[in-house]
Amino acid sequence: MTKKILTGTLLDDQLHLSLIEISEACASRTEWVVELVDEGILEPLGVERDQWRFPGESLFRANTARRLQRDLGMNLAGVALAIDLLEEISVLRARLRSQELEK
Amino acid sequence: MDYKDYYKLLAVERGASQDEIKRSYRKLARKYHPDVSKEPDAEARFKELAEAYAVLKNPEKRAAYDELGSNWQGGQEFKRPPDWGTGFEFSGSGFDGADAGAYSDFFETLFGQGDMGSQFRTGASQGFHARGEDHHAKVLIDLEDAYTGATRSITLRAPELDQSGHVLTRDRTLNVKIPKGVKQGQKIRLSGQGSPGHGDGNAGDLYLEIEFRRHRFYKPEGKDIYMDLPVTPWEAALGGTIKVPTPAGSVDLKIPAGATNSQKLRLKGRGIPGKPPGDFYVVISITVPAADSDAAKELYEKMREELPYNPRHHLEV
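Chains as they are written, first to last, in my numbering: chain A, 12 to 114; chain B, 59 to 375.
Hints are computed from structural coordinates only; laboratory data are not their basis. From the three backbone atoms N, C-alpha and C, an ideal C-beta is built for every residue, glycine too. A couple of the hints might just be wrong.
As the list claims (entries may be wrong) - Which chain B residues face chain A? A few, computed with CB under 10 Å, are given here:
1. Q244
2. L264
3. I268
4. R272
Claimed, not checked - Taking lysine to any residue and the SDA-like style, the derived pairs with C-alpha atoms no more than 20 Å apart in a straight line are:
5. B:K196 <-> A:E46
6. B:K245 <-> A:E59
7. B:K105 <-> A:T20
8. B:K245 <-> A:V58
9. B:K355 <-> B:H372
10. B:K105 <-> B:G132
11. B:K360 <-> B:L373
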């Protein structure tokens with residue numbers, strides 16, 4: 012049986028999304044994405060809005076922000092802090108895992 | 059269909075105030091939110107919480123739910139009483155959020171499902187459109203797959219709607235291309251492979267998170283790979299060339315004379331491929347042979363006598 016092979020988009024730093032693309036991909040208004048930038052949750056390259064280029068992992072951060080805001084009633088400052096802490100925890104967990112492996 | 063005890067799910071009494079319900083929901087939501095929680099069943103628990111809160115935070119829905127009476131037990135076989143729900147009028151649609159399709163059959167029987175099959179007058183029922191839910195899954199690959207690229211077949215359990223609007227869970231298998239150069243924790247987005255949308259809404263997306271299967275001796279860190287390399291004391295002291303495995307094939311590695319324990323030797327560009335590629339680090343680990351034969355003992359004794367070496371001079375005792 013042959014089945015179609017799906018090719019997705021790897022969300023890495025080689026990928027760049029425009030403001031419109033990232034808004035569509037996380038089903039949100041562009042104004043909301045601009046708020047994420049103002050809060051420092053997303054850091055696009057480029058100065059003017061219509062030239063902004065968002066690195067691939069921004070999409071994942073934006074989706075996490077959307078869920079935290081919607082489900083936990085957090086404001087964006089709280090969301091920004093939570094995302095930073097979650098990323099730090101995940102780095103520490105990875106380090107812990109590799110240390111446990113050494114034992 | 060099972061009855062759901064929304065009060066029990068939110069850990070509040072039936073007589074709880076709206077404020078108490080909100081507080082309890084917020085507390086539990088922080089504990090079980092899938093983005094935050096490491097509880098194994100976080101996603102399922104959070105969905106139940108969100109559903110319970112969607113009902114109890116809304117005074118009209120809560121009153122209608124209370125009307126079912128308090129004799130039901132969570133998990134009990136449930137049939138909607140024929141006279142239930144008359145005289146209630148809900149403002150807004152049964153769903154508040156964009157993630158339609160996330161609620162249980164029990165919820166849908168009571169409060170309808172968007173514009174499909176609801177017997178209630180729902181203010182927003184005309185033209186109810188929502189984007190389908192995004193889905194998330196992990197895909198386990200071997201480190202070697204990141205060097206060459208691979209195709210992985212993954213099976214997902216996804217809720218789907220049948221023609222009469224009931225939610226069924228169906229296993230679906232996807233063949234997905236894993237691109238060369240992926241790293242631990244990176245995500246691949248498959249657009250339109252999440253839940254179907256409602257009305258004219260688009261389908262959600264599927265996000266796959268890359269996870270490397272644990273390797274016996276390679277340790278990935280971002281795009282770099284680390285490996286402990288056991289060497290003998292004489293290889294470390296005198297230097298030499300040692301055959302070393304890398305995920306892209308074995309190489310001859312030159313150990314410098316006077317190599318020390320934990321010293322890192324870098325094989326540039328032999329980490330995970332990319333622009334630029336990662337590096338492969340060999341970490342020297344000097345192992346000492348046991349003095350388990352007369353010949354070995356003799357050699358150690360000879361060293362003790364002829365090799366003036368004090369590794370403890372910095373301790374100043």
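Distance restraint between K105 (chain B) and G132 (chain B), which requires alpha-carbon spacing of 20 Å or less: holds (16 Å)
Holds or violated: K245 (chain B) to V58 (chain A), with C-alpha atoms at most 20 Å apart: Outside the cut-off at roughly 27 Å; violated.
R272 (chain B) as an interface hint toward chain A, with CB separation required under 10 Å: Nearest chain A Cβ about 7 Å off; hint holds.
Given hint T20 (chain A) paired with K105 (chain B) - CA-CA distance at most 20 Å: violated (28 Å)
Hint check: 10 Å Cβ-Cβ cutoff, L264 (chain B) to chain A: Holds, about 8 Å.
Agreement of K355 (chain B) and H372 (chain B) with the hint, judged by alpha carbon distance not exceeding 20 Å: violated (28 Å)
Restraint status (C-alpha distance of K360 (chain B) to L373 (chain B) at most 20 Å): Answer violated: K360 (chain B) to L373 (chain B) is near 25 Å, above 20 Å.
Pair hint outcome, K196 (chain B) versus E46 (chain A) [Cα-Cα no greater than 20 Å]: violated (30 Å)
Restraint check for K245 (chain B) with E59 (chain A), where alpha carbons must lie at most 20 Å apart: Roughly 28 Å between the alpha carbons, so the hint for K245 (chain B) and E59 (chain A) is violated.
I268 (chain B) as chain A interface residue, shortest Cβ-Cβ below 10 Å: holds (9 Å)
Hint status (Cβ of Q244 (chain B) to nearest Cβ of chain A, threshold 10 Å): Check passed: Cβ of Q244 (chain B) comes within 6 Å of chain A, closer than 10 Å.
In summary, the structure is inconsistent with hints 5, 6, 7, 8, 9 and 11 from the numbered list given earlier, while agreeing with the others.
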